[in-house]
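Student: Residue numbers (UniProt numbering), protein chains in the order written: chain B, 1 to 117; chain C, 1 to 117; chain H, 1 to 117; chain W, 1 to 117; chain L, 1 to 117; chain U, 1 to 117.
Derived from the structure by calculation, the hints contain no laboratory data.
Fair warning: there could be bad hints in the mix.
Identical chains share a label here; the pair holds if one copy fits it or two copies do between them.
[What the hints assert, rightly or not] Dumping the calculated PhoX-like pairs for lysine-lysine here, alpha-carbon to alpha-carbon at most 20 Å:
(1) K37 <-> K115
(2) K37 <-> K16
(3) K26 <-> K104
(4) K26 <-> K114
(5) K26 <-> K78
(6) K115 <-> K26
(7) K78 <-> K16
6 protein chains.
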Amino acid sequence: MNFDEFNKFRSEMNEKILSNGTLNTKRFFNLDGAVYKEGEIPSKYKELMGLVASMVLRCEGCIDYHIGQCIEFGVTDKEFFEAFDIALIVGGSIVIPHLREAVKYLETIRNNNKKNV
Amino acid sequence: MNFDEFNKFRSEMNEKILSNGTLNTKRFFNLDGAVYKEGEIPSKYKELMGLVASMVLRCEGCIDYHIGQCIEFGVTDKEFFEAFDIALIVGGSIVIPHLREAVKYLETIRNNNKKNV
Amino acid sequence: MNFDEFNKFRSEMNEKILSNGTLNTKRFFNLDGAVYKEGEIPSKYKELMGLVASMVLRCEGCIDYHIGQCIEFGVTDKEFFEAFDIALIVGGSIVIPHLREAVKYLETIRNNNKKNV
Amino acid sequence: MNFDEFNKFRSEMNEKILSNGTLNTKRFFNLDGAVYKEGEIPSKYKELMGLVASMVLRCEGCIDYHIGQCIEFGVTDKEFFEAFDIALIVGGSIVIPHLREAVKYLETIRNNNKKNV
Amino acid sequence: MNFDEFNKFRSEMNEKILSNGTLNTKRFFNLDGAVYKEGEIPSKYKELMGLVASMVLRCEGCIDYHIGQCIEFGVTDKEFFEAFDIALIVGGSIVIPHLREAVKYLETIRNNNKKNV
Amino acid sequence: MNFDEFNKFRSEMNEKILSNGTLNTKRFFNLDGAVYKEGEIPSKYKELMGLVASMVLRCEGCIDYHIGQCIEFGVTDKEFFEAFDIALIVGGSIVIPHLREAVKYLETIRNNNKKNV
């Protein structure tokens, strides 16, 4: 699946989950959005925390989602690489394949955004 | 790989593993079948336990396998979503990408089964 | 810590978490109770699913909690050992140290309950 | 082990590891310190990222270490609980036993610091 | 629990598991012994492989067991530290608390063995 | 992605990571190579240790990398299957999907090497 296909799949499936799931499913999805909201810790750093957590747990879909969110909050490439380093050291070399995907995904979004300017 | 290709790959590889593997490999594969057999706990619930365990460990191939088995034992969509909720709460938001795949896979099998009636 | 000390620590800490935590913390704790409620799948089997998930993720506190809940729902020793087998096969030999603790904990509760009859 | 015993054990063992380990061991330990240094991302948020990563991976010793570091960088209780929420939602209910320990540990350090004023 | 208490607990519990468990439980325990037997790969290196796997999965009881076995097969301290390095790099800094325990445990056995000479 | 595409992606991304990453990123990548170097433990067994660690952590890219390295050091199919057994028993049935990929990958390299003779 390419970038756009993945996003389409994601939206379609989330819709199905929320329409077929229980009230508990919906509540969990709400919570999943709520914890990254601006608070005592700015959203930008909450998203970076979500990104590092996703990398050490090696959750591909989660990594891509948080990279997208981080870009919305203005995270620079230098900041991304400092966050990647924390994930690498905490999680070890098994994070490397996900680092490759993350760098590819970051590049793809940056290029998409340039085209749309 | 689509649904049928995956099943073909799975069978071919299992055959190669069992013909090239050691006696211990074969014994482990036997055990892997044996623990889901009808017992004090009905197979249907054992398969649901295997499904939830596979979801929290985020093992794609295992999730698909147990969804297939659960359907054989008559698990309904309502039961599936209650099981998915347990996996979500125990395992957290990193389970969500696998939930999407699970819902897609469930839909695919339900549709295949309708065609074959 | 022994059995009673652990339960006291658990209650005290949960109280502190719920009084100092955010609204999201409270909501998550509520959800954590809600997904095991009687539904299309009986609570007894939901607790067994929670137990197996906790064993393969090797979460000591969670294993003890679900063993206690399972006993409330009348799970027998034979059923426990069938569930333990699923956890062992899915999660591998790294589950064994937790299996030892689980068997010890189960024995402790069974003995406590006898005394209180 | 209590708070002071743990810190003593930690220092003694780190010393043994660094004197008996290889050059690679030492290099890894250096890197483990280096990635949290002030940079494009402030150290305070890097430590919070390390804390969330440690919680979702459920590494007790690491959680305690990063709580201590976060306190050095002035993290408030409100900020801690927002970070705990991210760990809870990303990592699921298996994080709860570690949340209990984290809240206990946080309380212990806050009390120790008051005494030393 | 100290060294001897732990070994006693371990033996007692294994006995209970094997006498109360199912045939599948026993078979799994047999397999767990069988895969480390001398073969194309010498037992010494199989035990080191088991040790590294236990370290990256952060299974305390398993680490101690394999350290004991490695010592039986003559693994030297230099070899241990090279194996520890692989675990550290593959598994990341979350392995460090287990490395401390491993080094402590190794020291304890070496000292016990000296006394018994 | 097929075999050659994957290797190309891997090299390109590693290059990007090393040119955009920090000094810490580069140091970690160096360490990741250094720990498998010939030492008190021969490289062949270090690579097998890396392979088993990668299998129990279920890191696809890592498994493929270490299979390639093991072949360079002359690991035979019999040795591979003994190592696979350790990974299966330590990590459980969730390793099976990765075992299928590993056996496929091993076959692909063996066939490529025959063609190039």
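Student: Next, verify each hint and record whether it holds.
Tutor: Hint check:
1. K37 <-> K115: This pair counts as neither: shortest intra-copy Cα distance 29 Å, inter-copy 36 Å.
2. K37 <-> K16: neither (25 Å within a copy, 23 Å between copies)
3. K26 <-> K104: Between copies only: 18 Å across, 32 Å inside.
4. K26 <-> K114: neither (35 Å within a copy, 29 Å between copies)
5. K26 <-> K78: between (36 Å within a copy, 14 Å between copies)
6. K115 <-> K26: neither (35 Å within a copy, 31 Å between copies)
7. K78 <-> K16: between (37 Å within a copy, 13 Å between copies)
Of the numbered hints stated above, those contradicted by the structure are hints 1, 2, 4, 6, listed in ascending order.
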